[in-house]
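Enquirer: Sequence:
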Amino acid sequence: MKHYSESGEDMIDTHSINIGRLQERIEKLSQIGKIGDTGVCRLALSKEDRQAVEVVKGWMEEAGMKTRIDDFGNLIGRLEGKNADKPVLMMGSHIDSQPYGGRFDGVIGVLGAIEAVQTMKERQIVPDQAVEVVAFCDEEGCRFNKGIFGVRGIWGGLDPGELDRTDKDGITRRQALIDFGCDPDKFIESEYKKGSVSAFLELHIEQGPVLDKLQEPVGIVTGISGPLWLTVEMTGFAGHAGSVPMGMRQDALLGSAKVIVALNEIATQEPGSPTVATVGNIQVFPNSRNIIPEKVTFTVDLRDIELARRDRYEKELRLSIQRIADEHGLTVSISEDTNTEPRYCANWIKDTIREAAGNMGYKPTELMSGPFHDSLVMSNYCDYGMIFVRCKDGISHNPLEYSTNEDIAIGTELLYQTAIRITRQKSS
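For the sequence shown, the numbering used here begins at 40 and goes up steadily by one.
Treat the hints with care, since some could be wrong.
[What the hints assert, rightly or not] Each pair of labels, with its calculated beta carbon distance range:
(1) Ile-330 x Asn-419: 24 to 32 angstroms
(2) Asp-224 x Thr-270: 21 to 29 angstroms
(3) Pro-223 x Lys-86: 15 to 23 angstroms
(4) Ser-235 x Gly-368: 50 to 58 angstroms
[What the hints assert, rightly or not] In silico DSSO-like pairs for lysine-lysine, Cα to Cα no more than 27 angstroms straight-line:
(5) Lys-73 x Lys-431
(6) Lys-67 x Lys-96
(7) Lys-297 x Lys-334
(8) Lys-207 x Lys-105
(9) Lys-431 x Lys-160
(10) Lys-207 x Lys-125
(11) Lys-160 x Lys-67
(12) Lys-389 x Lys-125
(13) Lys-160 x Lys-73
Hints in this document: simulated from the structure, not taken from any laboratory. Here a beta-carbon is modelled for each residue, glycine too, at the ideal position from N, C-alpha and C.
Using the sequences and the accompanying hints, generate a full structural model.
Expert: Written out as structure tokens, the structure reads:
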């Protein structure tokens with residue numbers, strides 16, 4: 040089906056992609072690491088992740104791309120363009136999941152990008168520059184408690200000691216990479232040169248309720264909130280739960296609970312602000328019913344699109360932590376795991392998405408992203424743009440996560456149309 044302008048000019052075909060093929064691939068990938076009826080557990084660098092990478096690698100090759108798995112665990116497919124010297128257009132996302140995740144998070148960004156490239160190939164469109172599709176390794180960060188690993192890796196942005204981080208079974212990231220088939224001693228060979236990527240496009244489910252409430256299938260992302268991740272360790276003194284008087288206790292869990300309440304109060308002090316704060320992981324030692332907790336370690340996830348406000352809230356939190364620790368006779372240590380500034384999408388890419396959407400008959404809402412994505416890191420090295428797909432009830436990181444086939448198809452079509460425009464090619 041083609042749309043025509045008011046002048047009668049032939050415009051770009053707005054039903055280009057193979058919807059059935061895309062749906063079939065999403066369904067097949069959801070079977071790898073499947074939990075329950077609709078959930079997925081496909082942790083980074085796990086055997087399930089490796090199986091998924093091999094399957095997706097095959098689809099990239101079907102689409103006409105040359106593929107490689109780099110030493111960071113990233114899967115990369117490349118379609119050559121007319122000008123090998125031009126910086127590439129990169130598209131993609133991730134295929135690893137949370138331990139109790141859904142089947143669309145990250146996945147539609149990778150499979151949608153493959154579909155866009157395969158459609159180019161089938162329509163004999165040769166882009167001006169090369170197009171690369173990437174499934175970045177360990178975006179989620181749940182296994183080693185630090186995410187967006189692969190995308191940071193290609194730009195030489197890993198922190199000291201990252202390979203020594205361990206999962207719950209004591210396996211280091213270094214060992215997990217080696218087991219995956221990577222060689223951490225050859226990281227430099229997998230790094231990209233600055234300036235080698237012209238733009239990055241990411242298709243992703245919204246993971247929030249805005250589009251669902253507005254009953255709109257797709258949206259244009261304006262920017263990504265900057266995440267601050269802290270690990271807090273509060274240490275007191277263990278004692279018998281039945282014999283130590285309440286006033287004499289150094290209860291690390293009680294102090295931690297008060298910090299969690301304080302964090303919530305800090306993050307909600309400005310009604311209507313986009314600030315969000317979460318404590319998502321708690322470890323208690325010695326973790327016994329009748330022993331006063333001696334040590335508690337918990338994570339803090341603080342995000343905001345306004346860096347100044349987030350910095351102010353961080354200071355308030357640190358003061359609260361110290362005050363509570365003093366009140367309960369606890370010692371405290373705070374380590375910073377991630378500290379990233381909010382990043383805004385490139386205006387010219389938003390304009391391009393807007394134009395492509397208008398040609399398809401849509402006028403998408405523009406909205407910010409609270410969750411971070413691989414795009415957050417890419418924004419430091421090239422212009423980026425994101426397309427959101429409606430997510431039912433805003434549920435994500437949950438087996439109930441759901442986007443309709445129709446909405447995903449619209450988002451993928453919009454990704455394709457945007458990529459065509461960026462590579463300055465017209466459909467034949």
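Enquirer: If a hint holds in the structure, say so; if it doesn't, say that too.
Expert: Results of checking the hints against the structure:
1. Ile-330 x Asn-419: 24 to 32 angstroms: Distance hint for Ile-330, Asn-419 is violated at roughly 46 angstroms.
2. Asp-224 x Thr-270: 21 to 29 angstroms: holds (28 angstroms)
3. Pro-223 x Lys-86: 15 to 23 angstroms: holds (19 angstroms)
4. Ser-235 x Gly-368: 50 to 58 angstroms: Given about 55 angstroms between the Cβ atoms, the range holds.
5. Lys-73 x Lys-431: holds (20 angstroms)
6. Lys-67 x Lys-96: Roughly 13 angstroms between the alpha carbons, so the hint for Lys-67 and Lys-96 holds.
7. Lys-297 x Lys-334: The given pair, whose Cα atoms are some 15 angstroms apart, holds under the 27 angstroms limit.
8. Lys-207 x Lys-105: violated (36 angstroms)
9. Lys-431 x Lys-160: Outside the cut-off at roughly 32 angstroms; violated.
10. Lys-207 x Lys-125: Not satisfied, since the Cα-Cα distance of roughly 44 angstroms exceeds 27 angstroms.
11. Lys-160 x Lys-67: Answer holds: Lys-160 to Lys-67 is near 23 angstroms, not above 27 angstroms.
12. Lys-389 x Lys-125: Satisfied, since the Cα-Cα distance of roughly 21 angstroms is no more than 27 angstroms.
13. Lys-160 x Lys-73: violated (32 angstroms)
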